[in-house]
Each structure stands twice: as structure tokens, then as C-alpha cells.
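4 protein chains.
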Amino acid sequence: MTEPHTRPVYRTALGASDLKTITLLGHDLAEDIMGSVGFGELAFWLATQRRPSPGETRVFEAVLAALADHGFTPTAIVTRLTYLSAPDSIQGALAAGLLGGGSRFLGVTEDTGRFLHDVLESLRGAVPSDEAGWDEVALRTVQEQRAAAKFVPGLGHHVHKAGDPRTPRLMQIATEEGLFGPHLSLFAAIGRVHPDVLGKTLPLNGAGVCGAALADLGLPLPLLRGFALLARAAGLIGQLAEELRHPVARDVFLSVDLNNTSVAPDPFTPDPLEEGRTG
Amino acid sequence: MTEPHTRPVYRTALGASDLKTITLLGHDLAEDIMGSVGFGELAFWLATQRRPSPGETRVFEAVLAALADHGFTPTAIVTRLTYLSAPDSIQGALAAGLLGGGSRFLGVTEDTGRFLHDVLESLRGAVPSDEAGWDEVALRTVQEQRAAAKFVPGLGHHVHKAGDPRTPRLMQIATEEGLFGPHLSLFAAIGRVHPDVLGKTLPLNGAGVCGAALADLGLPLPLLRGFALLARAAGLIGQLAEELRHPVARDVFLSVDLNNTSVAPDPFTPDPLEEGRTG
Amino acid sequence: MTEPHTRPVYRTALGASDLKTITLLGHDLAEDIMGSVGFGELAFWLATQRRPSPGETRVFEAVLAALADHGFTPTAIVTRLTYLSAPDSIQGALAAGLLGGGSRFLGVTEDTGRFLHDVLESLRGAVPSDEAGWDEVALRTVQEQRAAAKFVPGLGHHVHKAGDPRTPRLMQIATEEGLFGPHLSLFAAIGRVHPDVLGKTLPLNGAGVCGAALADLGLPLPLLRGFALLARAAGLIGQLAEELRHPVARDVFLSVDLNNTSVAPDPFTPDPLEEGRTG
Amino acid sequence: MTEPHTRPVYRTALGASDLKTITLLGHDLAEDIMGSVGFGELAFWLATQRRPSPGETRVFEAVLAALADHGFTPTAIVTRLTYLSAPDSIQGALAAGLLGGGSRFLGVTEDTGRFLHDVLESLRGAVPSDEAGWDEVALRTVQEQRAAAKFVPGLGHHVHKAGDPRTPRLMQIATEEGLFGPHLSLFAAIGRVHPDVLGKTLPLNGAGVCGAALADLGLPLPLLRGFALLARAAGLIGQLAEELRHPVARDVFLSVDLNNTSVAPDPFTPDPLEEGRTG
Numbered sequence: 001m002t003e004p005h006t007r008p009v010y011r012t013a014l015g016a017s018d019l020k021t022i023t024l025l026g027h028d029l030a031e032d033i034m035g036s037v038g039f040g041e042l043a044f045w046l047a048t049q050r051r052p053s054p055g056e057t058r059v060f061e062a063v064l065a066a067l068a069d070h071g072f073t074p075t076a077i078v079t080r081l082t083y084l085s086a087p088d089s090i091q092g093a094l095a096a097g098l099l100g101g102g103s104r105f106l107g108v109t110e111d112t113g114r115f116l117h118d119v120l121e122s123l124r125g126a127v128p129s130d131e132a133g134w135d136e137v138a139l140r141t142v143q144e145q146r147a148a149a150k151f152v153p154g155l156g157h158h159v160h161k162a163g164d165p166r167t168p169r170l171m172q173i174a175t176e177e178g179l180f181g182p183h184l185s186l187f188a189a190i191g192r193v194h195p196d197v198l199g200k201t202l203p204l205n206g207a208g209v210c211g212a213a214l215a216d217l218g219l220p221l222p223l224l225r226g227f228a229l230l231a232r233a234a235g236l237i238g239q240l241a242e243e244l245r246h247p248v249a250r251d252v253f254l255s256v257d258l259n260n261t262s263v264a265p266d267p268f269t270p271d272p273l274e275e276g277r278t279g
Numbered sequence: 001m002t003e004p005h006t007r008p009v010y011r012t013a014l015g016a017s018d019l020k021t022i023t024l025l026g027h028d029l030a031e032d033i034m035g036s037v038g039f040g041e042l043a044f045w046l047a048t049q050r051r052p053s054p055g056e057t058r059v060f061e062a063v064l065a066a067l068a069d070h071g072f073t074p075t076a077i078v079t080r081l082t083y084l085s086a087p088d089s090i091q092g093a094l095a096a097g098l099l100g101g102g103s104r105f106l107g108v109t110e111d112t113g114r115f116l117h118d119v120l121e122s123l124r125g126a127v128p129s130d131e132a133g134w135d136e137v138a139l140r141t142v143q144e145q146r147a148a149a150k151f152v153p154g155l156g157h158h159v160h161k162a163g164d165p166r167t168p169r170l171m172q173i174a175t176e177e178g179l180f181g182p183h184l185s186l187f188a189a190i191g192r193v194h195p196d197v198l199g200k201t202l203p204l205n206g207a208g209v210c211g212a213a214l215a216d217l218g219l220p221l222p223l224l225r226g227f228a229l230l231a232r233a234a235g236l237i238g239q240l241a242e243e244l245r246h247p248v249a250r251d252v253f254l255s256v257d258l259n260n261t262s263v264a265p266d267p268f269t270p271d272p273l274e275e276g277r278t279g
Numbered sequence: 001m002t003e004p005h006t007r008p009v010y011r012t013a014l015g016a017s018d019l020k021t022i023t024l025l026g027h028d029l030a031e032d033i034m035g036s037v038g039f040g041e042l043a044f045w046l047a048t049q050r051r052p053s054p055g056e057t058r059v060f061e062a063v064l065a066a067l068a069d070h071g072f073t074p075t076a077i078v079t080r081l082t083y084l085s086a087p088d089s090i091q092g093a094l095a096a097g098l099l100g101g102g103s104r105f106l107g108v109t110e111d112t113g114r115f116l117h118d119v120l121e122s123l124r125g126a127v128p129s130d131e132a133g134w135d136e137v138a139l140r141t142v143q144e145q146r147a148a149a150k151f152v153p154g155l156g157h158h159v160h161k162a163g164d165p166r167t168p169r170l171m172q173i174a175t176e177e178g179l180f181g182p183h184l185s186l187f188a189a190i191g192r193v194h195p196d197v198l199g200k201t202l203p204l205n206g207a208g209v210c211g212a213a214l215a216d217l218g219l220p221l222p223l224l225r226g227f228a229l230l231a232r233a234a235g236l237i238g239q240l241a242e243e244l245r246h247p248v249a250r251d252v253f254l255s256v257d258l259n260n261t262s263v264a265p266d267p268f269t270p271d272p273l274e275e276g277r278t279g
Numbered sequence: 001m002t003e004p005h006t007r008p009v010y011r012t013a014l015g016a017s018d019l020k021t022i023t024l025l026g027h028d029l030a031e032d033i034m035g036s037v038g039f040g041e042l043a044f045w046l047a048t049q050r051r052p053s054p055g056e057t058r059v060f061e062a063v064l065a066a067l068a069d070h071g072f073t074p075t076a077i078v079t080r081l082t083y084l085s086a087p088d089s090i091q092g093a094l095a096a097g098l099l100g101g102g103s104r105f106l107g108v109t110e111d112t113g114r115f116l117h118d119v120l121e122s123l124r125g126a127v128p129s130d131e132a133g134w135d136e137v138a139l140r141t142v143q144e145q146r147a148a149a150k151f152v153p154g155l156g157h158h159v160h161k162a163g164d165p166r167t168p169r170l171m172q173i174a175t176e177e178g179l180f181g182p183h184l185s186l187f188a189a190i191g192r193v194h195p196d197v198l199g200k201t202l203p204l205n206g207a208g209v210c211g212a213a214l215a216d217l218g219l220p221l222p223l224l225r226g227f228a229l230l231a232r233a234a235g236l237i238g239q240l241a242e243e244l245r246h247p248v249a250r251d252v253f254l255s256v257d258l259n260n261t262s263v264a265p266d267p268f269t270p271d272p273l274e275e276g277r278t279g
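Which chain is which? The protein sequence lines are A, B, C and D, in order.
Here this note's numbering is used: the first residue of the first sequence is 1, the next is one more, and so on.
Here this note's numbering is used: the first residue of the second sequence is 1, the next is one more, and so on.
Here this note's numbering is used: the first residue of the third sequence is 1, the next is one more, and so on.
Here this note's numbering is used: the first residue of the fourth sequence is 1, the next is one more, and so on.
It is worth saying that the hints were derived from the structure and are not from the lab.
As the structure is a computational prediction, the values presented were derived from the model and not from experiment.
Just so it is clear, CB atoms sit at the ideal spot from N, CA and C, and this is done for glycine as well.
Check the hints yourself; a few may be wrong.
Computed footprint of chain C on chain B; a stretch qualifies when at least three of its residues, placed anywhere within it, have a C-beta under 8 Å from a C-beta of chain C [unchecked claim]: (1) 32 to 42; (2) 237 to 251.
Non-contacting residues of chain B with respect to chain A, defined by C-beta distances greater than 12 Å in every case (computed) [unchecked claim]: (3) R7; (4) Q49; (5) D88; (6) L94; (7) Q145; (8) A147; (9) P222; (10) D257; (11) D266.
Here are the in silico distance ranges between beta carbons for each label pair [as the list claims (entries may be wrong)]: (12) G26(A) / P247(C): 48 to 54 Å; (13) K150(B) / K150(D): 20 to 26 Å; (14) A126(D) / K150(B): 54 to 60 Å.
For reference, chain A alone in the conformation it holds in the complex (with noise of 0.2 Å):
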């Protein structure tokens, strides 16, 4: 029932194994690596296969303690509710919380990341080299996303009405560590520019300030949600952590539960095709 065939071949450079030695990205994993190279460091390696310099961990690393946990966001209940239910699987309750990772909550990193790299790309090379520049550049792009009805992903935040005190912070270090280059300029200038446009003063926020800096870090685009996923990570195992000893989320559960109310069914029938006929 077997026959002859062309075997495959999966290429990989993480992780491999022989009877003596572990290999890691093409280093011995137990001599090389352990005790010497942090988590930190060791991830950005892992999502770049190239090893960071001390300067873009330190960023990278301030990234990801900045989106490690915000409190009682809804990934952090998800994760206790999950658990309080299904106490006998920690991946489920960690995973379940990962699953609210998506546009909405921990999507900006990512959204203002590729919005500005979008911008500088279509510049075509054509990069500002001081702040008159970036300001016209800004300029231009916030008046095209309002003629557009559309925002600027990262401007604005519902409880930092007056800045994002993550934002200096994250630009203050990247700075020093000579790692402030196009996207988080590009996201200072519209920093201070967007007011002469929208009229108002909004906060650079903290999640998109970080999709700048891991930008400007040179991480891939596409996977700039799985850092504020993997730092999410961490603040999960945090809320677990915290749940086991001083729980919470039986309590959510009952205030939803006891204020439940029951309605009568709402049947669901599709707006008629005919509605436009007026038209």
C-alpha cells in the first residue's frame, strides 16, 4: 500500500537536534544561548533571524513592557473568565485572551506601523532629512486621511486626553539609542502638525508610538501584532497569576449573570433588496 516517492524537504533555521547538540537559529542553544542571550533579545533573533545589538533590544524591549498589560482590558477578563471555567487548561485560558488580540484592541501597534510605512514608501525615497520636512510630509498626509473621512491610526486615546505618557518615553529611549529614524518621526510630526488640520489636539498613543518604533526596528510589518501579541503574553500569565490568588472573575461572571434580563426575541429578517428603489 506504500510506494516509492520523492521525500520532502521542510527547511527551517530555529530550532534543530541531534543526539548531542541543540541548535537555535544556527547557534548551540545550551552553550551559546542560555545565560547569555535575554528573552527579550532572544525573540526579536527568533522573528528576524538576525541578532539585535544592545540598543535595538533596549527598544524593543521598552515596546513590549509597554504593551504588556493595561489592567482589566477585555483579553485580561477573557483569560479569567476562561479559566475560571475551564481551570484544568492554562493554554486555553491564555489562548482564549490571545484571541481578542485583533483589530480593535491590540491592532494599533500594527495599523499605525503599516499606515506610516505606507507613507514613507510612497515618498519614493524622497525622505525628509530634518523637521521642516517631516512637518509637511505629516501635513500632507493628515489632510489626505480627513479628505479621506478617515483616521490616523495611533492619534488619539480615550483616557489620555492630554498625552500618552508612554509616547516621549518610548521616543526619548530610541533616541538615545540612535534608533529614531523615519516611522517615529514621521508619527512626531503628525504629532504636531494634526492640530492646524482636525482643529484639536489629540495624544500620539502608546500602541502606536510602538508600531513606529518596531518599524523603525526594522521588524517585519505583518507580524507587528505578534510582538504586542507575545507581550501580551506575558501580562496574561500575570492576570493568571493574580486570578489564582485573589480572584476576580467569578465575580464578573455573577454581575453579568444576576443582572441578566430576559426580552422577547427579536427576529432577525434582512433589509429588503427593494429599499433602494427610491433612489
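Starting from the known structure of chain A, arrange chains B, C and D on it as the hints suggest.
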């Protein structure tokens, strides 16, 4: 870089297709299944690779109905919160909700089915033929659990203290279809005899009777939880559909977030190993 | 540390219970639903809060059958591998499989339903009343997609190049039940006219016709993918049941692991922004 | 429809924010954590609510490095296949992979930590102070496991039969940092004495030594698996990054799909209860 080797073979009796035909479980999907096999019937068939009788299908679908939705359970809240946070991924919201289907909330069905089955197997074929015989087995069973300081799965309910309405109904349906087998017989007997042992009357709960009925249907015990999850998948799609039109997730989230109180860290250190020294 | 405040209210028409009764969708679960409502019918009812007619149920269940299982799809392999790796968590194996229900493999159903609906809405009520009228709309639709270098969702199949057997069968069932509505009409017309525009004949695929049929049933468009996921949940439980008795996951894992080839890291750096300068 | 009631209070020491400040674990996130706390250090801090020493961080990060990626494990394959099937949802691909972090593949770390801890607790404070004392405890432990026909968690490896290189390295790092505590002592002793009991020499595996080291760090035992999952999250992002540039998932999928063989259904019926009658 490739070389001849033995081709692997992966066998399945489920879906298969060639240029003109699609088969499922050895039948022509389009001609023999679509339009004539109901969804509950198909789910049973897929899980057992045998087509259920109409009576088996009726009992099975009654179980699925009993387990589909219980209002604002943790699973329902989780699905709604995940949709709030990541509306781009319906599959993520559904998966997150199902991950709560673990030992505590959806596990009773499986636990009860397995527990009853273990008792039945311990009879080594001496299966009672009348109610008095079942009462004797049940009495011994409840006594042994009590002696071991263990609960009897499926016994007790935090709301339906005077009786879970699903229990007599499912027993009635199983009786009507000639499918009231040993698991349901033992479960019913436990309901009759436990007050004498425990000194109080507890209801046989709906999740438990579903486990007994699924076991009497001959479904694989390691998958009983899977059927609870299938039922819940339909319920969670209902929750999502309602959330789209009458959202509550944002209110749930805010009720937690706005009532958050920041407290000082409570550093964790494990209990010292010396603790037992006095023992 | 607590203070009076306004009690939140969470409304639902789905499951509710009190001491003696459990209701679902405003009906007594035990008396009115268990034993008389099939699982497909119930899933439809939960999603729309209206009870479907027998004809609607038949079309709906035909769709679910069409989508339940396609053999060793990525979702099936993922569920089996996750079970291999974490056999303690059936819910994790099921959830992992469903997470593959995204844009590429299970998304066609939703994409097709939405696409057809958008075209129908653009008619602003001028819905054709005969086949010639539909052909005209379909011709324009295919031409516009081609001009925009876009695919027509639901058109084409990598195996069933000469026709997907589910398509005529589902159209036949919908016709029998008087539920062959505008979405199916437009889809069928696309099947008739596209060769003239594209210069080749492609099959109308099963996932696509399912999307058209679900849209004609008046189900909520943002949840069409949800029904594909529900169908697949039944299929994945079938995959798990087969894996328990006739496992293949370990062989799949080893076929990858044993054919792994370690390669040198390929350091990632993003394309330089200057690239476009020559443009 | 609302009424006064007691406001719920949800306490957390993790993230909190007001108009101007964001705190994490009681510290100013921007000023005190970003730029000065590494990611591994932060993850430890979040899980225990106490800041680890540099030595604790080094051991912890060595563990995370040891567990981050092992090439084409089921978790890695699952993440890649889920991305193939649903490229719109990075969070889904990551979550699906983590769901494989259950009892079999990632559970050894937790199982070993718990097992060693149980043995240590059973000593009721009589913790050995030299190698001979540990050998005695270890000998009794291995003998008891053997008598009970149970494995010793952390002992044995399917590839590194002559020794897992991570084990001596992690022991060395823990020794250097003064963190070679009772769990590692007992584990090392098991390595020394088991051949006398079992009649063969098995390696102390890397997952096991990681569990011992995490337990010696005083991390919460119920979350040991959580740290393995955190490490794996970084590895899975590496897998995704590689899949984006050098994909293998489609080949894996096709290698299964194209080698699929359709077989006849194998109807499942449970073993008859009468089977034991002869007993």
C-alpha cells in the same frame, strides 16, 4: 536534495473527493446526504461512522438542545468580549468561547457519563434488570462516593434546587424511543436513593442526564465533552448574532474596567518546605 | 469600599432560567424544544431569533452537510495534531481547528454571500424577474471584476474543475423548497455568463453556493462564516473520533520532523525606503 | 429599569492608569519600567508581583531560551497550518499553536516541577544537606515510582538518549547564580541514582530541568506550564516569521492531503457491559 522513500498513507473514512464526486462516510455527499440527512444526525454519524436511527437522532438532538445555551455563562461572555476586541475574526470569538468548555462548566456531561460507565463496568456483567436492582447498585455507589468524600457527578444544581426540568424530559424522550439504557437507569436510581445516604435531596442536573443519555446512545466516552461543545457552538453563534444587534460586551467590559481598584502588589513566595516540620 | 450605583442590565432573548423553568428564545426548553426541535433548526433559530420553516431548515442543513468535512484539510490536521500534543483538552483541539476557519479555507462562503449581496444592493431595487435579466446583471458583474483585476468569489475549484457536485444539488433543494432567491439567481447567472468574459469555464464551487443559499435564507451576512464554522465543528469532532481509533497525527508530525533540514539563518531586513527613487 | 445596588470592586496590582500616568505593579510604567526592565524580568515580575534579582532573571531567561523553539513540533506545524488557512488572523495562528501546549509536549516542565515539589513536601522539613542525603531521597523516590509502575517525570528523551545538553548547562547557570535549590538537587540526584533501580541510564531532559529550575525560583507551580507557553509564544512568532518568507505549510498540507486514502467507515459501538461476566 530529495530522495526516494516510502510514501506515507493517511486513511480516513470521512470526506474524500475526486474530479466528479465528493463522498462523506462512504456516501455520495451531494446525492445521498445533502437534503436528506439532518445536522444532528450527521454529527452523530461523523462521530461514530454509523448512521443513527430516527430515535437515536431524536435523543441526541434533545441533548444538544439541552446544552446549547444557558444565557450569560462564562463561555457566552468570553465570546462577546472577544468579538468586541477583535471583530475581524469570528472564528476567534467562537474558539475563545469554546475554550471555556472545560472541567467546570461544560465538563459535567462527560464526567457523569464516565462515572456511570465506570460503575457499570465494575458490575462485570451483573447488570440489574429491575428498579430494585438499580437502587441497590445506586445505593452502594452513593455510599462509596460519600465514604471517599467525593461528589456524585450530575447531582445538584445551584439554581434548579427543586429539580432540573431537563432531566425528566430527557428521560421521557429516551423512554419513548426505547433508549433508556443502563446509564440512565443508574442515574435515575441515584436520584431515588441518594437522600437516604446524604440526608438531603439534590436534583439530578441537566448536564448529568445528558451525559447518561449520550453514554446510552453508545457514543465514545472520551468525546462526550465534544458533543457539549458542538451544542455550545450553536449557542455561541446565537450569542454573537445577538451581540451584533443588541450589544452588551462593551457594558460588561466597562463595568469591570471602571470598577477597577488599584492595589499594592502582593509578592508571591511559595510556602517554605520546612512548614511540615512540626508534623 | 463599595457604594450604591446604578445596577447594570444585560438583556438577552436566548437562555434564561429560574427555580423551576428554563427558557430558550422565549420557549420552555424542556417542554417545547427538547424532543421536537432538530439541531439544525435550533441553530438557525438561535442565530435569527425566528423559527425557520421546514423548507428553510432543509436548505440550511444541506448547507451544513456540504461544509462539514472535506477530509484532511488544514483545519482537520490542526485538530488532530493539537489532540496529539494536548490530549487532555478536547476543547483546545476543537478550538485550534476552528481557528483555521479564516479568509482562505472557510471564508469563501462568507465572501460569496457578501459579494452577491453587494451586487444586489447596487441594483437599488431593480431586481431582475427572469433569467435574461439575471444574465445581464451577472455579465456586468463579471466584467467589472475582471476590469478591476479581481476574482469573482465562489468561482473556480482546484479539484472539481468540471463542476462541483454540491452546486446543482443545493440549487435543486432550494428550488424544491421555494427558496431559490436573488442570491442564488445571480450566482447561477454568473455560472452561465462568465465563460464569455473570462474565456474559460470555471465551476461554481460548493462553498460559494452555500454562501448564496445562506444569504437567500436571510441569515445575517456578518455571520455566514459562523455557519461554516458550526458545520466544521461537527466535522472536527468526527476527525477527533477517528483519530482516537485510527490515529494519523503522529505520522503527520514525524513526516515533517524527520524530513526537517536545518538551514542557515536568513537575516531579515526590510526593503530600503530609497528603493523607489528610480521611479 | 435600573436600580441602586452595591458597586462591585475589582482589585488588581497589575496595570492601572489615570489621565496622566500609567502604573504597572505599583511603578510608573513610562519612567521606571520602560527602558530599564528587560522582558524576561518583567514577565517574572508580573507573575510573582516581586522584582527578580539579576541572578533570578538570568536563570529564568535561560529556561525561556531552552523552551522557546524545538523546530517542527506539533505546535509549530499547527501555527503554520493555521496561518496558511487563515492568514487574516495572526492571533489565531499563535493561539492555535499554544493550544498544543498540553500534557504531552509542553507539560513535562510543569509535571516535573510539581512532582519534585510533592516529594520535597513529603519530607516534612527534613531536607537533605548533602549529596548523599539527596541520593537517598532520590533512590526512595525512583523505587516508589517503579513500584507503582509510574514514570519519573523529566527522565528520558527520544532523541538525546546520551544526555540533553540543556540539563548540565541550566544546572551550571543556577549554580553560578546561587539558585541551585532543593528541586534541582533532587532532580540531579534522580539522575545519579536511577540506573541502579531501573537497570538503564536515562537522560534528565531539558523540559524537566526547566521545571526544577522554575520551582527553585519560587514561581507558582500551577503556572509552570504558563512559562513554557510564554517561551513558546516567542518561538511561534519565529515560526510565523519564517513561514512568511520560506513557507512550508502548503507542502505539509499537500503531503497529507495527496496521500489520503479513503477507507470504509468503521462503525463504532462501545464494548458490551457483559464482557466481564466471565470474571
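Would you assess whether D266(B), listed as outside the interface, keeps its beta-carbon beyond 12 Å of every beta-carbon in chain A?
7 Å, violated
Going by Cβ atoms, does A147(B) stay more than 12 Å from chain A at every point?
26 Å, holds
12 Å Cβ clearance of D257(B) from chain A
At roughly 5 Å from the nearest Cβ of chain A, D257(B) sits no farther out than 12 Å, so the non-interface label is violated.
Check the non-interface label on L94(B): least C-beta distance to chain A beyond 12 Å or not.
For L94(B), whose nearest Cβ neighbour in chain A is about 9 Å away, the distance does not exceed 12 Å, so it is violated.
Say whether it holds or is violated: P222(B) keeps its Cβ farther than 12 Å from all Cβ of chain A.
About 15 Å separates P222(B) from the closest Cβ of chain A, which puts it past 12 Å; holds.
Go ahead and decide if the range 20 to 26 Å is satisfied by the Cβ distance of K150(B) to K150(D).
At 22 Å between Cβs, range holds.
Far enough from chain A: is every CB of that chain over 12 Å from the CB of R7(B)?
At roughly 4 Å from the nearest Cβ of chain A, R7(B) sits no farther out than 12 Å, so the non-interface label is violated.
Are A126(D) and K150(B) spaced within 54 to 60 Å by their CB atoms?
32 Å, violated
Take the stretch 32 to 42 of chain B, compare each residue's beta carbon with every beta carbon of chain C, and decide whether three or more fall closer than 8 Å.
With 8 residues close enough to chain C, the hint holds.
Assertion that Q49(B) lies outside the chain A interface [Cβ separation over 12 Å]:
21 Å, holds
Please verify the coverage claim for the stretch 237 to 251 of chain B: does it have three or more residues whose C-beta sits within 8 Å of some C-beta in chain C?
It holds, with 10 qualifying residues against the three required.
Hint check for P247(C) and G26(A) - Cβ pair distance inside 48 to 54 Å
34 Å Cβ-Cβ, so the 48 to 54 Å window is violated.
Violation of the numbered hints given earlier is confined to hints 3, 5, 6, 10, 11, 12 and 14; the remaining hints are satisfied by the structure.
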